[in-house]
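Visitor: In case you want the letters, here they are:
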Amino acid sequence: MTAFQIILMGFLIICAISVSFSKNLLNSILIYMSFSLIMSILWVCLESPDLAITEAAVGAGITSVLFFVTLKKIHAIEGSESEKKEAKENE
Amino acid sequence: MGPNLLANYGEAVSAILFCIGFTNLLLQNNLIKKIIGLNIMDSAIYLFLAEKGYIAGRLAPIVVDSVTSVDTYINPIPSGLVLTGIVVSVSVSALMLSLTIRLYTRYHTLNLDEISMQLKKEGR
Amino acid sequence: MSKKRSQEEYQKTFSFRFFRWFNGEKDPYLGEVEMHPQEEYQLDPQAALRYEKEHDAILDKVYDLERNKTMQLFHKLYHATSILFCLFLIALLLVTISYLPATGTIDRPVNNEVAKRYIENGLEETGAVNIVAGMILDYRAFDTLGESHVLFVATVTVLILLRLNKTQKSDAEINDRRFEPKNDTILQLVATFLVPIIIIFGIYIILNGHLGPGGGFSGGAVIGAGLVLYLNAFGFAKTERFFTEKTYKWVCFFSLSFYCLAKSYSFYTGANQLHSVIPKGTPGAILSSGLILPLNIAVGLVVACTIYAFYAMFRKGGF
Amino acid sequence: MNFICNFPFFSILLSLFSGTVCSVLPQRAAKIVNRVVILTIGLLSAILLVYLLSTGEPFIYWMGHFPAPWGNEIRAGVLEAGMALFFCIIMYLSMAGGAHKLPGEVVESKHNLYYILVNLLLSSLLALVYTNDMFTAYVFVEINTISACGLIMIRQVGRTIEAAVRYMIMSLLGSGLLLFGLCIMYDLTGHLLMSNIKESVSLLIATGEYQIPLIVSVALMCIGLCIKSALFPFHAWLPDAYGYSTVSSAAILSSLVSKGYIFLLIKIIYRVIGFDIFNNTRIIDMLFVFGLMGMIFGSLSAIKENDIRRMIAFSSVAQIGYIYMGFGMGTQAGMVASVFHILSHAATKSLLFIAAIGLTDVSGGSRKFIDLTGAAYRSKWAGVAFTVGSLSMVGVPLFSGFISKLLFAQAAVQVEGKMLASLIVLGISTVLNAIYFMKTVIRIYTSTDESSYTSITFKDRKSYALVLLCFIVLNVILGVNSQPIVNMIEQGLAMFD
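Going line by line, the protein sequences match chains A, B, C and D.
Going by the numbering used here, 29 is the number at position 20 of the first sequence; the sequence numbering is gapless.
Going by the numbering used here, 109 is the number at position 124 of the second sequence; the sequence numbering is gapless.
Going by the numbering used here, 169 is the number at position 108 of the third sequence; the sequence numbering is gapless.
Going by the numbering used here, 1438 is the number at position 380 of the fourth sequence; the sequence numbering is gapless.
Simulated from the structure, these hints should not be mistaken for laboratory data.
There's no promise every hint is true.
[To be verified] Only pairs whose alpha carbons sit at most 35 Å apart, straight line, appear in this in silico DSBU-like list of lysine-lysine: (1) D:K1438 - D:K1089; (2) C:K307 - D:K1168; (3) D:K1520 - C:K73; (4) B:K106 - C:K130; (5) C:K137 - A:K81; (6) B:K105 - D:K1426; (7) A:K81 - C:K307; (8) D:K1089 - C:K130; (9) D:K1426 - C:K137; (10) C:K307 - D:K1520; (11) A:K32 - C:K137; (12) B:K106 - A:K32; (13) B:K106 - C:K114; (14) C:K73 - D:K1426; (15) A:K32 - C:K130; (16) B:K106 - D:K1520; (17) C:K137 - D:K1362; (18) B:K106 - D:K1168; (19) D:K1362 - C:K114; (20) C:K310 - D:K1089; (21) B:K105 - C:K137; (22) B:K105 - C:K114; (23) A:K81 - C:K299; (24) B:K106 - A:K81; (25) B:K106 - D:K1362; (26) D:K1256 - A:K81; (27) C:K73 - D:K1497; (28) B:K105 - D:K1497; (29) D:K1168 - B:K105; (30) A:K81 - C:K310; (31) D:K1168 - C:K299; (32) C:K73 - D:K1168; (33) B:K105 - A:K32; (34) D:K1426 - B:K106; (35) D:K1438 - D:K1426; (36) C:K130 - B:K105; (37) C:K137 - C:K114; (38) C:K307 - D:K1159; (39) C:K114 - D:K1426.
Being a predicted model, the structure only gives us computed values, none of them experimental.
Bound conformation, chain A alone (with noise of 0.2 Å):
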């Protein structure tokens, strides 16, 4: 158990530096969500069950959707630029 704790907090740790590096914000995000999802796993083998229900529900859930559509709103995902002009050219 202890070793399998130890390479999710490794991969906690990649994951978090990764998202500082990463030029992408949709893949940051994306990075985010997957470290959520370890952090959960890792409440629990801590033994709290509620933090991992909780974690799973809004950190990998709710939080992402939001970071989602603020990507969306503010045109950063691509292909939407591409998409508004065809959108421009049809009408």
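Position chains B, C and D against the provided structure of chain A, taking the given hints into account.
Guide: Frame of chain A, contents of chains B, C and D only:
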């Protein structure tokens, strides 16, 4: 250095994560990444707290077969605190994201430095 | 040498003006200053354009990030100090942690009489099988009351930032429709299966908050996620049939008021050593543990509505 | 238990509940509810204060059915009740003084939300004042932060939103550090209630265990609260936030929000760590140095400023420096001076913000000094009030600022190592204060020959003038009748132990 660094490896990881989040919040130019940094920072603190409640070889604090001996379960207090904390961090990140949307619709950038440059140029 | 001033001379002095101003008899400008509306100053348009361009050029020079040496230096200095500060913080925290009591062991200050009573008497005193739920909704309920208001105040700020008025709303709707999946069959079919299951699972988590892991907040988040999925699959037209801003307002109002009043009752009776009339029930049954179940339901409703509201606000600035 | 002991709990719950109620009420009703609630809470706090002065004993109130180490508690002493009363007075006056500007600054449909924010802000301030539990304090600190952010950006111009983002980033750094410090403290002591933590901490100090983590945790909490209350190097968000938000918001933010955090810090110093233990750490030297730097650099930035509201905002930085200097002295006298300065600064700064809006209103809405020339002749009450505020800030006798400077000087004389530094900086800061405030006062009393203001009515509003009069009276009361208040503060601080 104290004696317990290796035994407290979970806390050490949470301290490193805290500082990564802190650095992101302080240094990233991009607002979205700042917000992710904020979330990482908060999660790190919660990991720290959860580690504090953990006792090796004991069960989650849900009473099974009406055994209410203190030697059976882990400490429930940190879990309760973290539950409260998670709600706070969700609300804060929703607020920050909506601020981001507003800023973007007005200035068309996510970089705070560029925004303050624009404000200075407007000369008010 | 004192000389009595004549009336005219006196009228010119400051004190005369001050006293008249102080008594409110007269405005200092009336009579002394000829008052007429200022003529609008009109700049020659070409000169204005030139002037603006010059101004912009100067500003560009001053605020040009890439070429301004001092500003660049400042930025580098700022980054360097921040990184140093963070490294220092890591070192400090690691040293601190190395001195903390070892994790996982039993004889630590954390495992004291507080945790002992929560575990040993929690079932009896709160009626909740899940000790964490009993702790946050009964022993330390004031925190949780604050927490639900944090969520409420966050919604209020999001409303302030993103709610649009009627005229802007139609624009936003047109803008939103472009992003909306136009009757995606696969998504709709999957949603028809998934949404009921997700919502039932959320309700299960809420209702079992005092019996197993879960509770109002996580269950509410799950239900909110289900609603968001439904919205994405079928569009605003469908959801607005049962969920509008008014629904949100009243659900939130009733749940939070119920929460406030119920907790006020329990705080009041607790502090004044009165007997609380709320029955505890048999531990383990669904209808047990006093106020915890209704409070979980209230919190769950607030959270589900809030999450749906966040999503709708972010997407098009209204419901 | 006496029925009056329920009052702190009633006031917190009343303001929380009124926040919820305001969300469904029509706009006018929300305004009335807001006013009535603030007045009621003020009244409750006044009664509580009288009761506590007569009994002379602080009391503990259980929040729930369980006693000390298990349940949650609030605690009321003289200082807490006095602070609550004072916060209510300032909040009521600030809301009333800015009420006539509100329709122009905030969109009509969002007035309700404004009152919700004010109610919740009040509840969080009251909870910070009364609470006896560290984690509850953290939760209400977050409510305070979010609602303050809402108050900043409810007037939606670009500057305020940018300021709100900066404010949130700084505050979140602060809350993160506060929470981390709190967690380490919890790990060392196993308690969350302030009184129990204090027992454990004194035990730890006596046995010499866990010294380093203890100091680090205290330092983290202190730095977190310093960042949140805009101590000098962390003040970047402050001028825009105070300078461009609505009038009432600026007055409330500058006088109450940062004071709530400072009061929490006082509680931590006295009730969590213990005054003597805190004074033996190096932390007070750090607070002292940052306080001194804030006093000078805040004033220097204020002198450079060309905008009246931003100038007042920068002056806040200097005044918060004063408060931290008092903490840094490490004596009872310094602490009393700081607490008195919290009161005096709150009364004066909100007066200045509200008077400044009167001056800018009659100058065509411009806030540049050049346009303010002669503004005091056009709006008499605002002119007089601004002068009173400035004199108080500079430290002229008869006004509250004089007393706080006197107390600071007296406290400084008693401290050996820090006497010279604090007296010199106090002198320099007073001179700098005088430069920029007197410059403004002279400017607004210079008559002009220009005649570009005909379109503006010169009439003073009655309610606005009344608010300014109340503020002036409050200032003079604090300045003339200071001895009972100082005694009360001393009594309240003694009750903390």
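Visitor: Evaluate each hint against the coordinates.
Guide: Evaluated hints:
Taking the CA atoms of K1438 of chain D and K1089 of chain D, the gap is near 28 Å; set against the 35 Å cutoff, the hint holds. A threshold of 35 Å between alpha carbons decides the hint, and for K307 of chain C with K1168 of chain D the separation of about 15 Å falls inside it, so the pair holds. Of the supplied pair hints, the one linking K1520 of chain D and K73 of chain C holds, its CA atoms being roughly 31 Å apart against a limit of 35 Å. Restraint check: the Cα-Cα separation between K106 of chain B and K130 of chain C comes to about 18 Å, which is no more than 35 Å; the hinted pair holds.
Simply put, K137 of chain C and K81 of chain A have alpha-carbon atoms about 32 Å apart, close enough for the 35 Å limit, and the pair holds. With a C-alpha separation of about 16 Å, the suggested pair K105 of chain B and K1426 of chain D falls inside the 35 Å cut-off, and the hint holds. Proximity of K81 of chain A to K307 of chain C is assessed by CA-CA distance (about 27 Å); at most 35 Å being required, the pair is judged to hold. Under the criterion of a C-alpha separation no larger than 35 Å, the hint pairing K1089 of chain D with K130 of chain C is inconsistent with the structure, at around 52 Å.
Among the hinted pairs, K1426 of chain D with K137 of chain C is consistent with the structure: their alpha-carbon atoms are about 34 Å apart, no more than 35 Å. Between K307 of chain C and K1520 of chain D, the direct Cα distance comes to roughly 38 Å. Violation of the 35 Å bound is thereby established for this hinted pair. With a C-alpha separation of about 21 Å, the suggested pair K32 of chain A and K137 of chain C falls inside the 35 Å cut-off, and the hint holds. With a C-alpha separation of about 28 Å, the suggested pairing of K106 of chain B with K32 of chain A holds against the 35 Å cut-off.
Pair hint K106 of chain B plus K114 of chain C holds up; C-alpha atoms about 12 Å apart against a cutoff of 35 Å. The hinted pair formed by K73 of chain C and K1426 of chain D meets the criterion: a straight-line CA distance of about 30 Å does not exceed 35 Å. With a C-alpha separation of about 26 Å, the suggested pair K32 of chain A and K130 of chain C falls inside the 35 Å cut-off, and the hint holds. Straight-line distance between C-alpha atoms of K106 of chain B and K1520 of chain D comes to about 40 Å, which puts the hinted pair past the 35 Å bound.
The suggested pairing of K137 of chain C with K1362 of chain D holds, with an alpha-carbon distance near 26 Å, which does not exceed 35 Å. Restraint check for K106 of chain B and K1168 of chain D: the C-alpha separation of about 30 Å stays at or below 35 Å, so the hint holds. In summary, the hint linking K1362 of chain D to K114 of chain C is supported, as the alpha carbons are separated by about 27 Å, within the 35 Å threshold. Only pairs whose Cα atoms come within 35 Å are accepted, and K310 of chain C paired with K1089 of chain D is accepted, the gap being roughly 18 Å.
Note on K105 of chain B and K137 of chain C: the hinted pairing holds, with a Cα-Cα distance of about 21 Å set against a maximum of 35 Å. The straight-line distance between the Cα atoms of K105 of chain B and K114 of chain C is roughly 16 Å, inside the 35 Å bound, and the hint therefore holds. Proximity of K81 of chain A to K299 of chain C is assessed by CA-CA distance (about 22 Å); at most 35 Å being required, the pair is judged to hold. As the CA atoms of K106 of chain B and K81 of chain A are separated by approximately 29 Å, the hinted pair is consistent with the 35 Å bound.
At roughly 19 Å between alpha-carbon atoms, K106 of chain B and K1362 of chain D fall within 35 Å of each other, so this suggested pair holds. Restraint check for K1256 of chain D and K81 of chain A: not satisfied, since their Cα atoms lie roughly 50 Å apart, outside the 35 Å limit. This hinted pair checks out: K73 of chain C and K1497 of chain D have alpha carbons roughly 25 Å apart, not beyond 35 Å. With a CA separation close to 25 Å, the supplied pair K105 of chain B and K1497 of chain D stays within the 35 Å bound.
For the hint linking K1168 of chain D to K105 of chain B, the alpha-carbon distance of about 29 Å falls within 35 Å, and the restraint holds. With a C-alpha separation of about 27 Å, the suggested pairing of K81 of chain A with K310 of chain C holds against the 35 Å cut-off. A hinted pair counts as satisfied when its Cα atoms are at most 35 Å apart, and K1168 of chain D with K299 of chain C qualifies at roughly 27 Å. Between K73 of chain C and K1168 of chain D, the direct Cα distance comes to roughly 51 Å. Violation of the 35 Å bound is thereby established for this hinted pair.
Pair hint K105 of chain B plus K32 of chain A holds up; C-alpha atoms about 28 Å apart against a cutoff of 35 Å. At roughly 17 Å between alpha-carbon atoms, K1426 of chain D and K106 of chain B fall within 35 Å of each other, so this suggested pair holds. Among the hinted pairs, K1438 of chain D with K1426 of chain D is consistent with the structure: their alpha-carbon atoms are about 19 Å apart, no more than 35 Å. For the hint pairing K130 of chain C with K105 of chain B, the CA-to-CA distance comes to about 18 Å; that is within 35 Å, so the pair holds.
Pair hint K137 of chain C plus K114 of chain C holds up; C-alpha atoms about 31 Å apart against a cutoff of 35 Å. Of the pairs offered as hints, the one joining K307 of chain C and K1159 of chain D holds, with about 29 Å between alpha carbons and a cut-off of 35 Å not exceeded. Restraint check for K114 of chain C and K1426 of chain D: satisfied, since their Cα atoms lie roughly 24 Å apart, inside the 35 Å limit.
Checked against the numbered hints given earlier, the structure breaks hints 8, 10, 16, 26, 32 and satisfies all the rest.
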